[in-house]
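Colleague: The whole structure should be built from the sequences, with the hints applied where relevant.
As they're listed, the protein sequences go chains A and B.
Taken in order, the first sequence gives residues 1 to 117; the numbers are from our numbering.
Taken in order, the second sequence gives residues 1001 to 1111; the numbers are from our numbering.
Derived from the structure by calculation, the hints contain no laboratory data.
Quick caveat: nothing in here was measured; it's all calculated off a predicted structure.
All C-beta atoms, glycine included, are put in the ideal place defined by N, C-alpha and C.
Among the hints, erroneous ones may be present.
[As the list claims (entries may be wrong)] If you want a taste of the chain B side facing chain A, the calculated C-beta under 8 Å gives, among others: (1) Asn1022; (2) Thr1026; (3) Leu1030; (4) Gly1032; (5) Phe1034; (6) Tyr1036; (7) Lys1042; (8) Gly1043; (9) Phe1046; (10) Phe1101; (11) Gly1104.
[As the list claims (entries may be wrong)] Covered by chain B, according to a simulated footprint, are these stretches of chain A (three or more residues, beta-carbon under 8 Å): (12) 73 to 82; (13) 100 to 109.
[Said to hold, decoys possible] Below are the DSSO-like pairs computed for lysine-lysine, each with C-alpha atoms no more than 30 Å apart in a straight line: (14) A:Lys57 with B:Lys1042; (15) A:Lys11 with B:Lys1042; (16) B:Lys1042 with A:Lys14; (17) B:Lys1059 with B:Lys1042; (18) B:Lys1059 with B:Lys1079; (19) B:Lys1042 with B:Lys1063; (20) A:Lys11 with A:Lys78; (21) B:Lys1057 with B:Lys1042; (22) A:Lys11 with A:Lys57; (23) B:Lys1079 with B:Lys1063; (24) A:Lys14 with A:Lys78; (25) B:Lys1069 with B:Lys1059; (26) B:Lys1079 with A:Lys57; (27) A:Lys78 with A:Lys57; (28) A:Lys78 with B:Lys1042.
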Amino acid sequence: GAGVSQSPRYKVAKRGQDVALRCDPISGHVSLFWYQQALGQGPEFLTYFQNEAQLDKSGLPSDRFFAERPEGSVSTLKIQRTQQEDSAVYLCASSLGGGEIRRRGYTFGSGTRLTVV
Amino acid sequence: EDQVTQSPEALRLQEGESSSLNCSYTVSGLRGLFWYRQDPGKGPEFLFTLYSAGEEKEKERLKATLTKKESFLHITAPKPEDSATYLCAVQVSGATNKLIFGTGTLLAVQP
Chain A
1 GAGVSQSPRY KVAKRGQDVA LRCDPISGHV SLFWYQQALG QGPEFLTYFQ
51 NEAQLDKSGL PSDRFFAERP EGSVSTLKIQ RTQQEDSAVY LCASSLGGGE
101 IRRRGYTFGS GTRLTVV
Chain B
1001 EDQVTQSPEA LRLQEGESSS LNCSYTVSGL RGLFWYRQDP GKGPEFLFTL
1051 YSAGEEKEKE RLKATLTKKE SFLHITAPKP EDSATYLCAV QVSGATNKLI
1101 FGTGTLLAVQ P
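Modeller: Here's what the structure looks like:
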């Protein structure tokens, strides 16, 4: 596609509910990232995939957070037993790969705004 | 610990009034410093990458510079459409391709 597509754009979840956030990267982009952005803050790294391999998950805040990219394209970020502090915008980004990241950065989607009530 | 600090947090300019945004960083080894623009309700949009001290890059009214400790984003004769949050991020040597972001500078340009 022309850009990185994320769905849903908005999600309201009751505390304790499980949620799944979807990311469709730009076709052919091997690198995929998830970031969490709290209100008034910069994005914070969650996890990184190269094709289907999850190479870095050091930013996932707890074992309630899980990400997958089984076929090396679409990715899903799952949050189990949501809590109020999980409320944030979840951004997905993709890139062709290492050298391209340095030249052009990533391309971000518009994010999913998660509100836990 | 790798860290990025941006200042000021917010900046209000009159149209045509030039200014600079600051990004200070402390990292074990810099692979690249990135500037992004973020509009409300949107994801960050890539502007520049700088690799080494002394490097400069320009795009329209924006010019980014880099030293060993900080980067500046100079805005010359800004227009209202330049209003946005400007984010600075670093990519650290030896790490994966993740970026460490600052908290951003919210720029408002009034006509």
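Colleague: All hints, please: hold or fail.
Modeller: Evaluation of the provided hints:
no.	hint	result
1	Asn1022	violated (15 Å)
2	Thr1026	violated (15 Å)
3	Leu1030	violated (11 Å)
4	Gly1032	holds (5 Å)
5	Phe1034	holds (5 Å)
6	Tyr1036	holds (7 Å)
7	Lys1042	holds (5 Å)
8	Gly1043	holds (3 Å)
9	Phe1046	holds (3 Å)
10	Phe1101	holds (3 Å)
11	Gly1104	holds (5 Å)
12	73 to 82	violated (count 0)
13	100 to 109	holds (count 9)
14	A:Lys57 with B:Lys1042	holds (24 Å)
15	A:Lys11 with B:Lys1042	holds (16 Å)
16	B:Lys1042 with A:Lys14	holds (25 Å)
17	B:Lys1059 with B:Lys1042	holds (21 Å)
18	B:Lys1059 with B:Lys1079	holds (14 Å)
19	B:Lys1042 with B:Lys1063	holds (23 Å)
20	A:Lys11 with A:Lys78	holds (13 Å)
21	B:Lys1057 with B:Lys1042	holds (24 Å)
22	A:Lys11 with A:Lys57	holds (23 Å)
23	B:Lys1079 with B:Lys1063	holds (15 Å)
24	A:Lys14 with A:Lys78	holds (15 Å)
25	B:Lys1069 with B:Lys1059	holds (22 Å)
26	B:Lys1079 with A:Lys57	violated (40 Å)
27	A:Lys78 with A:Lys57	holds (13 Å)
28	A:Lys78 with B:Lys1042	holds (21 Å)
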